[in-house]
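Undergrad: The primary structure of each chain is shown beneath.
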Amino acid sequence: MTVSAAFTLERNAFTLKVNLVLRDGEVTAIVGPNGAGKTTLLRALAGLESISSGQIRLDDEVVDDAMSTFVQPRNRACGYFFQNYVLFPHLSALENVAFGLRSRGVPRKEARTQAERLLAQVGIASLSARKPASLSGGQAQRVALARALACKPSLLLLDEPLSAADAATKNDLRAGLVERLRAFDGCCVLVTHDPVDALLLADRVIVLEQGEVVQDDSPADLAAHPRTNYVAALMSLNLIRGEAAEGVLRFGDGREVHIADQSLRGPAAAVVRPEAIGVHREQPLGSARNVWRGVVTLIQPWEDRVRVHVEAETAMVATITTEACAELTLEPGAMVWMSAKAVDIRTYSLAPSNVAEPL
Amino acid sequence: MVSHSTRGRAPWFLVVPALLALLLLIAPLLALLTRAPWGSFTEILSSPVALDALRLSFITASIATVLATVLGVPLAWLIARSGLAGTGLARTLVLVPLLIPPVVSGVALLAAFGRRGTLGQFLYDQFGFQLPFTTAGVVLAEAFVAMPFLVIAVEGGFRSVNRQYEEAAATLGASSWTTFRRVTLPLIAPALGAGMVLCWARALGEFGATITFAGNFPGVTQTMPLAVYEALESDPSVAIALSLMLIAICVVVLFALRGNLMRPLAST
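From first to last, the protein sequence lines are chains A and B.
Heads up, the first sequence is in our numbering, so the first residue is 829 and it goes up one at a time.
Heads up, the second sequence is in our numbering, so the first residue is 2 and it goes up one at a time.
Note that these hints are calculated values from the structure, not bench results.
Be aware that a few hints might be false.
Heads up, simulated DMTMM-like pairs for lysine to aspartate or glutamate below, C-alpha to C-alpha not over 25 Å straight-line [said to hold, decoys possible]: (1) A:K980 with A:D887; (2) A:K980 with B:E168; (3) A:K1169 with A:E1139; (4) A:K959 with B:E231; (5) A:K959 with A:E944; (6) A:K998 with A:E1040; (7) A:K980 with B:E234; (8) A:K1169 with A:D1132; (9) A:K845 with B:E168; (10) A:K959 with B:E168; (11) A:K998 with A:E988; (12) A:K937 with A:E988; (13) A:K1169 with A:D1081; (14) A:K1169 with A:E1084.
If you want the ones that stay clear, here's a sample from chain A, every Cβ over 12 Å from chain B, calculated [unchecked claim]: (15) L919; (16) G933; (17) V1124; (18) A1179.
Glycine included, every Cβ here is placed at the ideal spot set by N, Cα and C.
This is chain A alone, in the form it adopts within the complex (with noise of 0.2 Å):
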């Protein structure tokens, strides 16, 4: 199924506003902070909200127009899978996956074998007498899950399917939905605030912020050229953004840059990794043509080492030992100096592309 989805949705004080086309066999994350009205989307592609204007299309179906048509819910072939799973309470497993089937006129016994087919596929098919009471947050994931495909929708539309389970058990749902989405051959929408997810999951990721989309790449040029400081900050990467000319990139007002590439003209971006970045007690006399001098905000253990947010002309994050932390004494509010090395800059255009520029 190809979604074409131009619209705007205005709830209160907040609107949402997309235009995107989501083609078969694609599978779409939507990351994004709290907020940013990706639930919201995928509501309004499932039918639970109506737009405001514009309109969505189902393959060639209009199933929402602001001014004319609205297909309800139960009409648009969408397998939805809510955040907390929403699994009927007096249901078992099996009779939950089984509701959409007998909904649409399977057969009791043809929907009874059917459901405990795709309970097999997601691997509890023991569970399936089991109330949702009685299930684990993993177990309450799969039957969902089966239950959002079980009548074998066109369009699926995730909601943070793997958020409400535990560490331990969500590597294990994570490989369970790969497998499940690579046997599904329609079009598939995820919500997620998790970057990992989005990458090992998605062919493609949309970003929203405050109800726009402000990156649409794939996992790789998310990864390698972020366009706002939330994506860089999912990255784990400095992101500084200005007008690049003659190797200095100039931002803020009247602040700069010294980059590498001298070639480079117009909107740009430049990314340094936490780890690329020196800090100092004392203004620093070596070769690193980029010295900021800031506060430390907020010191944090980070794998065997130590982040340290430094509020300098911009926000900044390096990455230390703990040896050079202790020998350094910092200290939240400490005067530090940080330096950076031209050629651990990475830099990249950020002219408009497919993507309506933000701000």
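Guided by the hints, dock chain B onto chain A, whose structure is given.
TA: Just chain B, lined up with the frame of chain A:
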């Protein structure tokens, strides 16, 4: 030592009135037990008048409960969910029969459904059908007085059901009727059960509206409370025996409510 002796002890100005309140509530019931004609108990209860009243009470209270359920559940839904203008007013109106004296309810029913009543005259002229002083009239009076209990309980049930269950059913292709029947109704079952039991118990005990609107004819409109009232004038020991019977039924209802019925199902 003071801290030991006073610790956890309730102050006298609360304990004394509390015990008096308990006495006020329990003493009449205990008095009934001591005055009961235990020797002739089964004889009284198996007399034709008592059996007729008991049978009529069960039948009318049950039909009134069914009527209140069939009409009251949709009304509760309307108040809880529809979002229509005027539902706040409707909710207040539902409470009116709870608060007005039952005898006033009976007068109001007569004004509406009496032979010369606003609706009653029409019913009689068109169909030759009248409600006052009939068993159907008893059912109507009981439903009028008892339905608010059901509506209030079920409305609370509707409000506490997570709407996402209904959304999930919709995305699974269920029509609004299937969603209501297979999802919403099972989820409000505890509230509905509690509402039906309360409604039935209230209908069973109905006196004022029934005697005003339907009269007191043995076998036709004389329910248990009416039989108690009549017996009091002729033979108080019969009245006491019938009263104990009604109390026993109420105690059973109370225990039913404390058990499974009140336990919420959809708490997950």
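Undergrad: Which of the stated hints cannot be reconciled with the structure, identified by number in ascending sequence?
TA: Going through the list in order, the structure violates hints 4, 6, 7, 12, 15 and 16 and respects the others.
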